[in-house]
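> Chain by chain, the residues:
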Amino acid sequence: MSTFTETEIAKIKEYIQSRPEGYGLPRPFYHDELVYRADLEVFWRRGWLFAGHACQIPNPGDYFLYDVDTDSIIIARGDDGAVKAFHNVCRHRGSLVCVEPEGHVHRFICPYHQWAYGRDGRLITYRGMQEGLDKSQLGLRPVHVRDVEGLIFISLAETPPDFEQAYQEIAFYAKPQGFNRAKIAKIIDYDVPANWKLVWENNRECYHCNVNHPQYIKANFDHYNEDDTIGRLALQLHAVTTRSQEKWAKLGLAVTHTKTGMSEFPDPDTGRWYLANRTPLVDGYVSETMDGKQVAPLMGDYPDPDVGTLRIRTMPNFWNHSSCDHGVTVRLTPNGIYSTKVRMYWLVDQNAEEGRDYDLEKLLPFWQLTAEQDWDICKNAQLGVNSRAYVPGPLSTYKEYNVDRFLRWYLKELEKGISE
Amino acid sequence: MSTFTETEIAKIKEYIQSRPEGYGLPRPFYHDELVYRADLEVFWRRGWLFAGHACQIPNPGDYFLYDVDTDSIIIARGDDGAVKAFHNVCRHRGSLVCVEPEGHVHRFICPYHQWAYGRDGRLITYRGMQEGLDKSQLGLRPVHVRDVEGLIFISLAETPPDFEQAYQEIAFYAKPQGFNRAKIAKIIDYDVPANWKLVWENNRECYHCNVNHPQYIKANFDHYNEDDTIGRLALQLHAVTTRSQEKWAKLGLAVTHTKTGMSEFPDPDTGRWYLANRTPLVDGYVSETMDGKQVAPLMGDYPDPDVGTLRIRTMPNFWNHSSCDHGVTVRLTPNGIYSTKVRMYWLVDQNAEEGRDYDLEKLLPFWQLTAEQDWDICKNAQLGVNSRAYVPGPLSTYKEYNVDRFLRWYLKELEKGISE
Amino acid sequence: MSTFTETEIAKIKEYIQSRPEGYGLPRPFYHDELVYRADLEVFWRRGWLFAGHACQIPNPGDYFLYDVDTDSIIIARGDDGAVKAFHNVCRHRGSLVCVEPEGHVHRFICPYHQWAYGRDGRLITYRGMQEGLDKSQLGLRPVHVRDVEGLIFISLAETPPDFEQAYQEIAFYAKPQGFNRAKIAKIIDYDVPANWKLVWENNRECYHCNVNHPQYIKANFDHYNEDDTIGRLALQLHAVTTRSQEKWAKLGLAVTHTKTGMSEFPDPDTGRWYLANRTPLVDGYVSETMDGKQVAPLMGDYPDPDVGTLRIRTMPNFWNHSSCDHGVTVRLTPNGIYSTKVRMYWLVDQNAEEGRDYDLEKLLPFWQLTAEQDWDICKNAQLGVNSRAYVPGPLSTYKEYNVDRFLRWYLKELEKGISE
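Residue numbers (the numbering used here), protein chains in the order written: chain A, 1 to 420; chain B, 1 to 420; chain C, 1 to 420.
What the hints contain is simulated information worked out from the structure, not anything from laboratory work.
Remember, it's a predicted structure, so these values are computed and weren't measured experimentally.
Warning: the hint list may mix true and false statements.
Straight-line C-alpha distance at most 20 angstroms; calculated EDC-like pairs for lysine to aspartate or glutamate [claimed, not checked]:
hint: 1; chain 1: B; residue 1: K11; chain 2: A; residue 2: E8
hint: 2; chain 1: A; residue 1: K379; chain 2: C; residue 2: D67
hint: 3; chain 1: C; residue 1: K379; chain 2: B; residue 2: E353
hint: 4; chain 1: C; residue 1: K183; chain 2: C; residue 2: E353
Which stretches of chain B does chain C cover? Using the computed rule of at least three CB atoms under 8 angstroms from a CB of chain C, they are [to be verified]:
hint: 5; stretch: 80-92
hint: 6; stretch: 112-122
For each residue, glycine too, the CB sits at the ideal point set by N, CA and C.
Chain A on its own, in the form it takes in the complex (with noise of 0.2 angstroms):
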């Protein structure tokens, strides 16, 4: 049954109809409470999350929190050595159970009574409680979990979206990065006063990457496009992608995106929420980096660093791209109407050293920088849509398709979810 009342539900579909075609969002979605609401519900509450690397947690006992919304989540590794997922919340008063972001525990032990639950959330001992009540309907509320790789995907539905076709495309791309025998090298936590469709928008088209990402650019080719690809970036990327499927086909490394342009995602027409693909990198780039080298060893199953890097996205909150020697990973959390909360990773192989094997302040500019160009961008476009002014304006057809693709993609799975 649907949480929203009628007229809401009207009021919404109101709202989704008053999209001109090819043209951005109406005011509504990014300034109405309603909406918001609506968001959190459709696509936080039912959609599969990424929320945190399973290399966080190597040993049993380990675990982190993920706060979406009202809710805190505990990902821990359990003792049979999976992740599990649960709602930090004590079964008795509903006190934190884990007050701590991270940690490690032998038992889950609130601290209010003290009441103990095992790795697995099962209820172990309560202490000064009455005879006649039932222990086993006293665990710790589960919470839907996925480790993919490496990649830990958590949903807080009751019976969440199917999982397994994203599972294999995530799992055979993300495999040979080695996500699980990674370390994170660095997280730096971002508040990005924007709404998290504007910050999804700006991620979805590089048609701002010419001026906005001077770093970006000189790495990449996916921000070029139909009508600027030229004859002579053409014959380079036809070279480089070549190159890159006649050396890497059996190994199963080879570049798979092989035009300018951005990789097509979202998918409305099929409600496709994933996409995992390799990009190919300019000639004299092997990983994405201030000058293009290789800043850390080499990752995962990787034989040599030409490997293009690998791109993985899903909605609502997760996009990582990885070169051969290190991976950065961007989660988004929505923090209120105007706000959103980015967290991110950056990843190098376990055994990696800083000062030995690799250095920060060679690993992090590349997406440090690009990432604050970015959350500016969205600021300023937060600002500029609160505005009565505003009213949606054209995309670009050529540079935009995403930012179309991810518009349709959102209205028609926020239409579909008010109503179930």
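Based on the hints, put chains B and C in the right spot on chain A.
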């Protein structure tokens, strides 16, 4: 006439009925703006609120302010020596009349246009106003106030609940403590990020004391309950209480709470919202201090230090623990759904001099530590019950009977109050 | 069509009717979100707003921003030398076009995708967009703007109220001050924690001046009223105004407000929302400065310092007090129910040089002190009217006739406006 619509009343009743007997409160009670509004209306605008200590305003013209929700109240000593209370709102243009949180006035003069009110609230002069106005109708609006042996209670209600029985009980127990001949040694203010009810729930049980309050449990018996009162303990308690009763029967200073466990309070059946009594201290403790030793001169009428502790509680915002040599008052004020302002007062005899007769570093820690441990618990409780995964859990019949009493009292008063 | 529902209109009308004649405003006008929304709609989105000074943007391409509620407005000097105003929202994806609060541009280039607009707002280039779009429909959306002898007014309305009569009156009085040949000596911004109407109510009476504004009352006559204008004072005022009129009749610089008390403004009967005139200064004062002495070179067309003060006020957001040597502008902008942003500007002749021709420590204090005294008053007024105990009080017919005029004007315009 109720300030709530039929729909709102129905909604609140639905919440009330959704509480499983013997369990905690459902999530909306900690999360819903409507409930918070009802709480303000029913408990904070109609009940009796502890405002402060009479010893803060020893002389006519002395005043302090107490702010409750949007309202600012002046508590002042009148020319007749009695405590008065007024709304701190000029009858002319509505400005605050007293701007400083405490002070001394000859008259209450509004800083805006100098309308001048007597210490009894009557409008005395209003330079520049036309003839034909009825000055007698323009006095400061009075607030109900009672001074109970130095403890000041106010009610914002037009017709407050009966106070006589509360007066008798509190006055009897408070009198020998000499709050009227006390002075404030220290005030500490806290912003506790938790709903006011969570602060009370925490206050109403000592199930959490063993692990969370290492200082408190050394001095007291009430964290033991029926299920863990071993024989040795029962004997100790019996010895202490018997000695007290033999020693103090005549002076009325004997301990009256002679069992382990906390005194039963409040009472959902009778609606009783106040309770005063005397409780025993563990042998070796004559004061609730770190080492149990006396840290200041005897207060009030006490002939020697061996008087256990005086305890007074009134819903919705006050408790006091007093030993032979000092008293500690806690005053709660709601500050939004998720926040409670807490003011703590340490009192000693009026003639005690800091440095000579007492040191703050010996006076404060016992209750400062215990209180701050509690505020931390309350914060984590709020964060937990915010979760959509929170469901009320079972209360221990051994250890949380007073939580259950509080919740039943609260729900009953709420249900009654919203329709009035 | 009104943006308010029938129910909302009925509610606001109920509030309007609840004001007792000759008394202040009932509490909801300072406390109710609906009223605030109506205020924004009726006064701030439909009236004429002072935006800034033309001397801030002397050259074509110079601009500054003015933010009102959710909207950001660009005020710029066009190639034709005239002042233009546009919504600061790119017609493509809605980003802010100008990010810095002031600056100089060749073209307005959106930082997101570099859509470029001329200084007249027309879209000039949009690299990367497809054929078939109508560029002429994608210019920056214009905002109504008028430059009145260097004072810039805008209106966010589609069809703003008539400006011609206001223009004539303000232009006549402002011209000799030479705002067009001025420069900004200092800007100070304040966040005043009070509803914008409280700021105006305070501005519309000098009943509070005697005690609160020791500097102001030395220089002026208008804090005296019918009830306290003693003979000696009347004679002084008569002497000053007669001298002024004899001296300046020909040049049109004579004082026009020749009585004690403030000029009557605004006018609820005619809806008049602007007033300009010249008022006398006390003998010995030639400028509103701490000692009454001139502190900067003569401005504009003034032949000598003895020109009293120029005063201009326009509802809902502007007043200016100018002496022979400097002008002080106050611009209000609502920032929530309980908050008003205030920008104060001090202006001097454009050729005056700090350190040589004027010192800020002599230029600022008179109005800085007076203004900060007022912001403090407004803060306490808001805190008072927040109280549930607040009820409107009687206004002095001697001293607060302009508060009454303001309230009647406000209520009348509000009632009319919410149904439009």
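> Are the hints correct? Go through all of them and say.
Hints versus structure:
| no. | hint | in the structure |
| --- | --- | --- |
| 1 | K11(B) - E8(A) | 19 angstroms, holds |
| 2 | K379(A) - D67(C) | 16 angstroms, holds |
| 3 | K379(C) - E353(B) | 38 angstroms, violated |
| 4 | K183(C) - E353(C) | 10 angstroms, holds |
| 5 | 80-92 | holds (count 6) |
| 6 | 112-122 | holds (count 3) |
Checked against the numbered hints above, the structure breaks only hint 3 and satisfies the rest.
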